[in-house]
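Student: Here are the chains, one letter per residue:
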Amino acid sequence: MNRVLITGNLAAAWGARLADIDYCPAFPITPQTEIIETLAAWIDKGEMPGRLVTLESEHAMVTAAGAAAATGVRVFSATSSQGLLYALEMLYTVAGWRAPFVLVNVSRGLSAPITLEPDHNDILAARDSGFLQIHCATCQEVLDSVLMAYRLGEDPAVRLPVLVNLDGFYLSFTREPVAIPDPAVVREFLPPFDPGTIRFRASAPESQAVAVLSGGPYSYFRYEMHLAARNGLAAYDRIAAELEARFGRAWPAVEAYRCEDAELLFVMMGSFATKAKAAVDSLRAAGWRIGLLRPRLLRPFPEAAFRRWMAGKRGAAVIDQNISLGSGGVLYTEVTAAIHGQPAMPLLTSFIGGLGGRDIPPEEFFEMARIARDAAERGQAPPPRLLYTADELRETRKLQVLAKVERARLSGGEQP
Amino acid sequence: MYRIRFHGRGGQGMKTAGRILGTAFFREGYEVQDAPRYGAERRGAPIFAFVRADKNPILERGIIRRPDLAVVADDTLAPVPAAGVLAGVDAHTLMLINTHEAAETWRQRLALPGRVLVLPASAEVEDRAALPQVGAACAGAAARLVGVIGRDALERAIRQELGHLGEAVLADNLAVALHAFDLMADEAGSLTERPPQIADAWQPPDWIEIPFEGADISAPAIHGALTSELMQTGLWRTLRPVIDRDRCNRCWWVCSTFCPDSAIRVDGEGNPHIDYDHCKGCLVCLAQCPPHAIRAVPEHSEQGGGA
Chain A
1 MNRVLITGNL
11 AAAWGARLAD
21 IDYCPAFPIT
31 PQTEIIETLA
41 AWIDKGEMPG
51 RLVTLESEHA
61 MVTAAGAAAA
71 TGVRVFSATS
81 SQGLLYALEM
91 LYTVAGWRAP
101 FVLVNVSRGL
111 SAPITLEPDH
121 NDILAARDSG
131 FLQIHCATCQ
141 EVLDSVLMAY
151 RLGEDPAVRL
161 PVLVNLDGFY
171 LSFTREPVAI
181 PDPAVVREFL
191 PPFDPGTIRF
201 RASAPESQAV
211 AVLSGGPYSY
221 FRYEMHLAAR
231 NGLAAYDRIA
241 AELEARFGRA
251 WPAVEAYRCE
261 DAELLFVMMG
271 SFATKAKAAV
281 DSLRAAGWRI
291 GLLRPRLLRP
301 FPEAAFRRWM
311 AGKRGAAVID
321 QNISLGSGGV
331 LYTEVTAAIH
341 GQPAMPLLTS
351 FIGGLGGRDI
361 PPEEFFEMAR
371 IARDAAERGQ
381 APPPRLLYTA
391 DELRETRKLQ
401 VLAKVERARL
411 SGGEQP
Chain B
417 MYRIRFHGRG
427 GQGMKTAGRI
437 LGTAFFREGY
447 EVQDAPRYGA
457 ERRGAPIFAF
467 VRADKNPILE
477 RGIIRRPDLA
487 VVADDTLAPV
497 PAAGVLAGVD
507 AHTLMLINTH
517 EAAETWRQRL
527 ALPGRVLVLP
537 ASAEVEDRAA
547 LPQVGAACAG
557 AAARLVGVIG
567 RDALERAIRQ
577 ELGHLGEAVL
587 ADNLAVALHA
597 FDLMADEAGS
607 LTERPPQIAD
617 AWQPPDWIEI
627 PFEGADISAP
637 AIHGALTSEL
647 MQTGLWRTLR
657 PVIDRDRCNR
667 CWWVCSTFCP
677 DSAIRVDGEG
687 NPHIDYDHCK
697 GCLVCLAQCP
707 PHAIRAVPEH
717 SEQGGGA
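Line by line, the protein sequences are chains A and B. Mind the numbering: the first sequence is residues 1 to 416 in the working numbering, read in order. Mind the numbering: the second sequence is residues 417 to 723 in the working numbering, read in order.
It is worth saying that the hints were derived from the structure and are not from the lab. Positions of the beta carbon are idealized from the N, C-alpha and C atoms, including for glycine. Just to be clear, a hint being listed does not mean it is correct.
Which chain B residues face chain A? A few, computed with CB under 10 Å, are given here [to be verified]:
| # | residue |
| --- | --- |
| 1 | 637 |
| 2 | 638 |
| 3 | 708 |
| 4 | 711 |
Facing chain B, from chain A, some residues (calculated, C-beta under 8 Å) [what the hints assert, rightly or not]:
| # | residue |
| --- | --- |
| 5 | 180 |
| 6 | 220 |
| 7 | 395 |
Taking lysine to any residue and the SDA-like style, the derived pairs with C-alpha atoms no more than 25 Å apart in a straight line are [as the list claims (entries may be wrong)]:
| # | chain 1 | residue 1 | chain 2 | residue 2 |
| --- | --- | --- | --- | --- |
| 8 | A | 398 | B | 500 |
| 9 | A | 45 | B | 621 |
| 10 | A | 398 | B | 637 |
| 11 | A | 398 | B | 582 |
| 12 | A | 404 | B | 497 |
| 13 | A | 398 | A | 115 |
| 14 | A | 398 | B | 586 |
| 15 | A | 398 | B | 648 |
| 16 | A | 398 | A | 333 |
| 17 | A | 404 | B | 629 |
| 18 | A | 404 | B | 530 |
| 19 | A | 398 | B | 632 |
| 20 | A | 45 | A | 185 |
| 21 | A | 404 | B | 627 |
| 22 | A | 45 | A | 89 |
| 23 | A | 45 | B | 497 |
| 24 | A | 398 | B | 479 |
| 25 | A | 398 | B | 471 |
| 26 | A | 45 | B | 641 |
| 27 | A | 398 | B | 641 |
| 28 | A | 404 | B | 479 |
| 29 | B | 471 | A | 45 |
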């Protein structure tokens, strides 16, 4: 196995290359572009087979991906942020076609105001689309997850497209050591796509995207997608076990870092979760019994793993790098629902941080651990907390001065 | 863990410097994380790159808040707040500055609490955004300061990172990097790792509750015209266009019309005036001026020295 220093974007491209994809519809967007540039160069130089076509938008790109998948070939595509949202209509639609393919999303915060830096509101906007979701924390995980995603989506009990998420900048443009598995070993893990009944052949018409005009059939088709997604839980565990046996790397549906004897937990997803691991090490060095739970699989949601790992813990700080405007952290809501009504569950405290790539320094993790511990002792959770300092508000005030907010205030008649 | 930041301008090869050092560490058996951080993604604008290296898997991510080594490829950036050269620099931090001036001068000028070393600047060039091989020089010097990277690993790292640019470019960069590596011989190992952080005491974050404010204030709208005037993009400039009044034929429109940043104003007599607070030094005006009345002058010499 060849261990090299590559970015998360390169790791995603390697995943597609090793998966022997047939087709890649593409549209560029920062910070994803390096993925399709890399694949285009490899295909152009004859280093990998397959066809890459640039489309006129992400909406068309996902349509092309779903249509190609519905003919029974192996399809890969990648996007980010505004691009994912532009394709959102077609995400729901092609998922309903029940033709599997893999779409990589490089997370980036959403407009307005527009940004290039990462958070998870883009990928979470696709949460209910029927795409399964795998969230990565390292570049190695990106490569391995693309391979796992094909196995998962192509499983006959699932047959749904899969989104693999990596964070912009923190993974996309960051080089880390990545073991690139031997193509022959990958082929054993991920054989050529057996499309089964998925086909589109001359003289054998098929129609996708049919209309049903009453709730009965509609509910049936949608609920079947739900059941297929739920089948993904067992399929995922089986695939992860096989990957571990072949490659020696464990990517469970929920990663548990130093959780066995822990009283307290951080709960977090994405690349910032490795920062939480560093904080766990620092806190443990000071005598804290604390660990990290990190869901890799967000859809289907692995409730059972959460219940198993959380039983008997005293408190948990759930840190969301997203915000459901008008509610709060999405992961907090999901975890709360998963453990509600179960015995011996920890008290959850909710934090929102890392929006638009905002850093979370070690001291903030330590403070969140303290707050989660104190809340568990009192038996009452404090209100959700946005990680935001006085300095940051001062910086924002400077921008507002530039934007002449005070002029708006004056014209609003607050002052004479 | 080693934590190293490279500061320079877009075009000076800071991303490459980070990659060379990262690859050299990796070749010496270290776990590595390296990444560039661009602000404006433009030639001449301040950028930095960072490298982490450790014998154990690296869990930290993102910007390095407290570097063990900060390398400054272009000393004109050192005093520029937007470049962030001094962010998190403390008594532990070793500073390496590419400059013609003395280390002590910089230590006093910037009130640096730690050691300062000088990487003797190579021959001065007109365009600071294209300092030749400065990225390779910085990487070579940093590799020696770390003390755990051999000359051979550095050389192989440069071949790996720059091999695709052809033999001539590779040879130039190798010569410069290895020279810088040798120059730092007396300081090999000057750079030391900080001890792992133990969470027995910490400064609580200064968290606040953001107050509700009406949409007239809290919507991300710009309510005034020309607010970009307050953003002084002139510091990106590495070459300054200077108008020769004797040759200017007062056509009144060519340079001012072609300037993409509207940074040239023409007065009542038809004389153009360049707004150096906002001119980014793209030199479109120089290319367009019919009587060739605009020349380019190196910004650092115009500023009266520096390096």
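Student: Does each hint fit the structure? Answer for all of them.
Tutor: Going through the hints against the structure:
1. 637: At 7 Å from the nearest chain A Cβ, residue 637 of chain B passes the 10 Å test, so the hint holds.
2. 638: Residue 638 of chain B check passes; min Cβ-Cβ to chain A is 5 Å, inside 10 Å.
3. 708: violated, 38 Å
4. 711: Hint on residue 711 of chain B: violated, closest Cβ of chain A at ~34 Å, above 10 Å.
5. 180: With a closest approach of 14 Å, the residue 180 of chain A hint is violated.
6. 220: violated, 44 Å
7. 395: violated, 12 Å
8. A:398 with B:500: This hinted pair holds, its Cα atoms lying about 17 Å apart.
9. A:45 with B:621: Since the Cα atoms of residue 45 of chain A and residue 621 of chain B sit roughly 52 Å apart, the hinted pair is violated (cutoff 25 Å).
10. A:398 with B:637: holds, 14 Å
11. A:398 with B:582: Not satisfied, since the Cα-Cα distance of roughly 47 Å exceeds 25 Å.
12. A:404 with B:497: holds, 23 Å
13. A:398 with A:115: holds, 18 Å
14. A:398 with B:586: violated, 45 Å
15. A:398 with B:648: Holds, at roughly 15 Å.
16. A:398 with A:333: violated, 34 Å
17. A:404 with B:629: holds, 15 Å
18. A:404 with B:530: Status violated; Cα separation ~40 Å.
19. A:398 with B:632: Between residue 398 of chain A and residue 632 of chain B the Cα gap is close to 16 Å, so the pair holds against 25 Å.
20. A:45 with A:185: Roughly 24 Å between the alpha carbons, so the hint for residue 45 of chain A and residue 185 of chain A holds.
21. A:404 with B:627: Holds: residue 404 of chain A and residue 627 of chain B sit about 19 Å apart, inside 25 Å.
22. A:45 with A:89: violated, 35 Å
23. A:45 with B:497: violated, 45 Å
24. A:398 with B:479: holds, 23 Å
25. A:398 with B:471: violated, 42 Å
26. A:45 with B:641: violated, 50 Å
27. A:398 with B:641: holds, 17 Å
28. A:404 with B:479: Violated. Residue 404 of chain A to residue 479 of chain B sits at ~31 Å, over the 25 Å cutoff.
29. B:471 with A:45: violated, 37 Å
Hint compliance for this structure: hints 3, 4, 5, 6, 7, 9, 11, 14, 16, 18, 22, 23, 25, 26, 28 and 29 are not met, and every other hint is.
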